[in-house]
Structures are given as structure tokens and as C-alpha cells.
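*Asks:* Sequence:
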Amino acid sequence: MPDQDPKRHHDAVSPPRLAGHGRYDYSALPHRPVWAWPNGARLAVYVAVNMEHFAFGEGLGAELAPGGPQPDVLNYAWRDYGNRVGVWRLIDLLDDLALPASVLVNSAIYGYCPETMDAFRARGDEVVGHGRTNAERQGILAEPDERRLIAETTAVIAAAEGRAPQGWLGPWISQSRVTPDLLKEAGYSYLLDWSMDEQPVWFRTRDGGRILSVPYPQELNDIPSIVGRKDTGEDFAHILETTFDEMVDQSAKAPLVMGIALHPYLVGQPHRLRPLRRALRRIAGRRDDLWITTAGAIAAHAAGLPEGTIS
Numbered sequence: 001m002p003d004q005d006p007k008r009h010h011d012a013v014s015p016p017r018l019a020g021h022g023r024y025d026y027s028a029l030p031h032r033p034v035w036a037w038p039n040g041a042r043l044a045v046y047v048a049v050n051m052e053h054f055a056f057g058e059g060l061g062a063e064l065a066p067g068g069p070q071p072d073v074l075n076y077a078w079r080d081y082g083n084r085v086g087v088w089r090l091i092d093l094l095d096d097l098a099l100p101a102s103v104l105v106n107s108a109i110y111g112y113c114p115e116t117m118d119a120f121r122a123r124g125d126e127v128v129g130h131g132r133t134n135a136e137r138q139g140i141l142a143e144p145d146e147r148r149l150i151a152e153t154t155a156v157i158a159a160a161e162g163r164a165p166q167g168w169l170g171p172w173i174s175q176s177r178v179t180p181d182l183l184k185e186a187g188y189s190y191l192l193d194w195s196m197d198e199q200p201v202w203f204r205t206r207d208g209g210r211i212l213s214v215p216y217p218q219e220l221n222d223i224p225s226i227v228g229r230k231d232t233g234e235d236f237a238h239i240l241e242t243t244f245d246e247m248v249d250q251s252a253k254a255p256l257v258m259g260i261a262l263h264p265y266l267v268g269q270p271h272r273l274r275p276l277r278r279a280l281r282r283i284a285g286r287r288d289d290l291w292i293t294t295a296g297a298i299a300a301h302a303a304g305l306p307e308g309t310i311s
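Residue numbering for the sequence shown follows the numbering used here, beginning at 1 and increasing consecutively.
Hints in this document: simulated from the structure, not taken from any laboratory. Worth double-checking, as some hints may not be accurate.
[Said to hold, decoys possible] Computed list of lysine to any residue pairs in SDA-like fashion (alpha-carbon distance at most 25 Å, straight line): (1) 230 / 85; (2) 253 / 285; (3) 253 / 41.
[What the hints assert, rightly or not] Cβ pair distances, simulated, as ranges: (4) 228 / 95: 26 to 36 Å; (5) 69 / 151: 28 to 38 Å; (6) 111 / 30: 43 to 53 Å; (7) 118 / 57: 27 to 37 Å; (8) 288 / 204: 50 to 60 Å; (9) 69 / 13: 25 to 35 Å; (10) 162 / 209: 24 to 34 Å; (11) 100 / 162: 37 to 47 Å; (12) 39 / 121: 20 to 30 Å; (13) 111 / 187: 19 to 29 Å; (14) 151 / 60: 14 to 24 Å; (15) 65 / 21: 56 to 66 Å; (16) 123 / 13: 51 to 61 Å; (17) 144 / 232: 36 to 46 Å.
Cβ atoms here follow ideal geometry from the backbone N, Cα and C, with glycine treated the same way.
Kindly generate the complete structure, drawing on both the sequences and the hints.
*Replies:* This is how it looks when you write it as C-alpha cells:
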């Protein structure tokens with residue numbers, strides 16, 4: 001006769017144990033401490049501008065249309081439009097709305113079009129490490145080679161900006177199993193690659209260290225939206241607007257982070273810039289109710305909260 005005691009049955013069955021990363025433990029958002037951003041704000045919003053440069057005739061790169069044999073002039077030139085035209089229109093838009101930016105930069109940009117970084121520096125924007133070039137992935141590298149990639153990127157940015165970046169986003173959101181350890185050991189205080197939460201999360205690193213994970217968007221990101229799902233500029237703007245409205249409401253229950261990831265070769269195109277302008281104007285119009293800031297400022301505030309506040 002089958003056992004009718006559900007508790008005994010539950011005790012006798014062990015759930016499967018799957019491979020894990022060991023970086024953080026499960027934490028349900030409704031069960032966490034409730035706190036606030038500066039000035040009592042409950043929603044922090046930041047704009048990430050991805051400044052990327054690509055090798056000609058080799059390596060990786062986003063595609064407007066399926067590329068042919070190398071050299072893939074169609075897609076290379078489309079991406080280069082972002083550094084020649086799109087970024088300047090995006091800077092004008094950020095200026096018009098008085099929005100700060102976190103600039104996620106391939107270090108190759110400093111050799112190709114350094115005047116773009118001069119413009120962001122003049123605005124006082126934060127600079128975040130984003131590898132050497134988005135023509136390569138870092139997660140497939142052996143540990144010594146990945147350490148070298150991080151060191152080379154950091155050195156170029158520090159020489160140009162007068163200080164090393166504190167945040168990192170891997171090219172192509174690519175991490176190896178030791179990337180958080182290498183970033184911590186290289187002096188970084190936060191990373192952006194993991195999109196599993198709407199609050200900062202502490203990651204364990206080797207030798208008892210830790211590094212903060214700041215939410216970086218994959219839904220509010222023009223690459224997955226426009227390149228991946230083939231959304232229009234209007235579609236992407238609608239995603240930003242409806243997400244913003246919902247997160248304002250949700251932040252009444254918990255402090256949240258809303259990041260917006262932009263690539264100048266995508267949203268710098270006129271037909272996408274126009275609806276983006278509308279969406280960002282809507283967000284900027286609520287600035288008195290929000291904390292409109294940078295990823296680095298979010299990381300610094302979270303790291304300064306009392307121990308145990310952040311999971």
C-alpha cells in the first residue's frame with residue numbers, strides 16, 4: 001500500500017544537486033532588507049553607452065544583415081557609423097536631457113577615435129572597462145591571457161583618464177570561471193555581466209574576497225532587442241517606457257536598479273534616436289522622484305550600506 005504521509009515522503013526524497021557557480025546564494029527579493037538610494041529615492045536609473053571598436057576583416061561583430069565572406073564591409077561600416085555619427089547625436093541627446101552616462105569602452109577606442117572619449121570626459125561621465133575590442137571574447141581565454149586582457153585594458157584607460165576604472169563589462173558579456181577573481185585582483189570593485197537581479201549582489205571571490213555585481217540590462221538593451229529580436233526603434237522605446245512605469249511602482253516595495261544599455265551604431269540611427277529621445281525625456285521628467293546616476297555611483301552607495309543589507 002503506498003505511503004500516505006506526504007511529510008515522510010518529502011523527507012525521504014532529496015532534490016537533485018546541479019552544478020553551480022558558488023558566487024552567490026539564492027535570495028528572494030521580497031525577503032530582503034528594505035533601504036533607499038540617496039535622498040530617499042527607491043529607483044536608481046543609469047544609462048550605459050557602449051563604445052566599441054572592431055577589427056576589419058576578422059573577429060566578431062554584431063550584424064545588421066547576415067555577413068558574407070571577410071572583409072564584411074556591410075556590417076563593419078554599419079558599426080563604424082556609431083563612432084563617426086551616432087555617438088555625437090547620442091551625446092547631444094544626453095546633454096539636452098542633462099543625463100549622466102556610464103561609458104563602457106573598448107580600450108581600442110582610444111587609439112581609433114579618442115575625441116569621442118574627450119567628449120565624455122568633458123561631460124564628467126564615468127568610464128567602465130569593456131575589454132580591448134568587441135571583436136574578441138574574453139571568456140574563452142586561458143587565465144594568464146585573460147589576466148593580460150584585463151591589465152592591458154585597464155592600463156590604457158588609466159593613462160587616458162588619469163584613474164583606473166572601477167567597473168567592468170566583458171566584451172560580449174563573456175566571462176570565464178575565474179573572471180570575478182581576476183577583476184577583484186586587478187583592483188575592480190564591481191562588474192556588470194550578470195543580469196539575474198534588480199539590486200546589487202555581492203559575489204564571492206577566491207581567497208575570501210568579494211566583488212559587487214551591479215544589474216546590467218539584457219531586456220533594456222538595444223543589442224538583444226533590435227539585433228536579436230528585430231524590434232523597431234518604436235518597440236525599443238516602448239519597452240523602456242513600460243519598464244520604467246512598472247519599476248517606479250515596484251520600487252515602492254524595494255529599492256531597484258534600472259539600467260539602459262545603448263550602442264551608438266544602433267540607437268544613433270535617426271529613426272531609432274527619435275523614439276529613444278521620447279523615452280528618455282519621459283524618464284528625465286521624473287528626476288525628482290528618482291536617482292538618475294551612474295553604475296559606479298550605484299556600486300559605491302551599495303557597498304557603503306551596513307553589512308548584511310546587500311545579499
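*Asks:* Run every hint past the structure and note whether it holds.
*Replies:* Tested hints:
1. 230 / 85: holds (22 Å)
2. 253 / 285: holds (22 Å)
3. 253 / 41: It holds: about 12 Å lies between the C-alpha atoms, which stays within 25 Å.
4. 228 / 95: 26 to 36 Å: Taking Cβ atoms as reference, residue 228 and residue 95 lie about 29 Å apart, which means the hint holds.
5. 69 / 151: 28 to 38 Å: holds (34 Å)
6. 111 / 30: 43 to 53 Å: Holds - the Cβ-Cβ distance for residue 111 and residue 30, about 48 Å, lies within 43 to 53 Å.
7. 118 / 57: 27 to 37 Å: holds (28 Å)
8. 288 / 204: 50 to 60 Å: violated (38 Å)
9. 69 / 13: 25 to 35 Å: violated (56 Å)
10. 162 / 209: 24 to 34 Å: holds (26 Å)
11. 100 / 162: 37 to 47 Å: violated (18 Å)
12. 39 / 121: 20 to 30 Å: For residue 121 against residue 39, whose Cβ atoms are near 27 Å apart, the range 20 to 30 Å holds.
13. 111 / 187: 19 to 29 Å: For residue 187 against residue 111, whose Cβ atoms are near 23 Å apart, the range 19 to 29 Å holds.
14. 151 / 60: 14 to 24 Å: holds (21 Å)
15. 65 / 21: 56 to 66 Å: violated (36 Å)
16. 123 / 13: 51 to 61 Å: Since the Cβ atoms of residue 123 and residue 13 sit about 58 Å apart, the hinted range of 51 to 61 Å holds.
17. 144 / 232: 36 to 46 Å: Hint holds: Cβ distance 44 Å, inside 36 to 46 Å.
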